[in-house]
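Given the sequences, and given the hints that come with them, work out the whole structure.
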Amino acid sequence: MKLRETINQLQTNWSKREIRERQILIGVACLILASLVYLVGIQPAQSNIRNLENSTPALKMQAATMMNMASQYDALSKTMAENVPVVTREVIESTLMRRNIKTQSLTVSNDIVRFQVNAVAYANLMEWILEMQKAARLTVDEAKVTALADPGQVGVVITLRQQRASN
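9 is the number that the working numbering gives to position 9 of the sequence shown; each next residue is one higher, with no gaps.
Please note that a few of the clues may not be correct.
[Said to hold, decoys possible] Derived lysine-lysine pairs resembling DSSO-like cross-links, with alpha carbons at most 27 Å apart: (1) K144 / K134; (2) K16 / K2; (3) K102 / K134; (4) K78 / K134; (5) K102 / K60.
None of these hints come from the bench; they were simulated from the model.
What you are looking at is a predicted structure, and each value in this text was computed from that prediction instead of being measured.
This is how it looks when you write it as C-alpha cells:
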C-alpha cells in the first residue's frame, strides 16, 4: 500500500511541475544515468584495454626469450647426454685410486654406484665427488657420513646416480 501511495504522490508532484522544469529534470536524470554507465561499464574497460596494449610488447618479448631459452636447453641437454660415457667399475676404481681412497665395497650397475669407505679424508672425498659430478655426471643419491676420532677423517657409505638422457 505504501508503495502505491508513494507512486501516486510522485505522479502528483510530477504533474504539478511545468513542462520546462520537467524537461530539465529529465535531462539531468539522463546525464546522471549516462555518467553512471560510463563510470561503471566503459571507463574500466578502456583503462584495461590501454594497460593490455602497453604490456603486450613486453610479454611478447618475454615469450620469445623463453622460447629461445627452451630451444637452447633442449640442444644443450641432448649434447650433454651424448657426451657422457657410461660409468663403469674400472673408471670408478681408477679415480678412487688416484685420490688414494680405498673402498671396502664397490658396486656399479645400471648407472648407480654404491661404495663404502671406512676411513678417508673428508676434503679428499668431496674433491672426488666434485670431479665425478663434472666428468661422469654422477650425483649423490644417498650418503651416510660418520665422523671418526682422527680430525678430518670420516667413514662413508655413498650411493651415486649417473644423470643421463634416459633418466
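Cross-check of the supplied hints:
Taken as a hint, the K144 and K134 pair is honoured in the structure, with Cα atoms around 22 Å apart against an allowance of 27 Å. Note on K16 and K2: the hinted pairing holds, with a Cα-Cα distance of about 21 Å set against a maximum of 27 Å. For the hint linking K102 to K134, the alpha-carbon distance of about 21 Å falls within 27 Å, and the restraint holds. A hinted pair counts as satisfied when its Cα atoms are at most 27 Å apart, and K78 with K134 qualifies at roughly 16 Å.
With a CA separation close to 57 Å, the supplied pair K102 and K60 exceeds the 27 Å bound.
The structure shown violates just one earlier hint, number 5.
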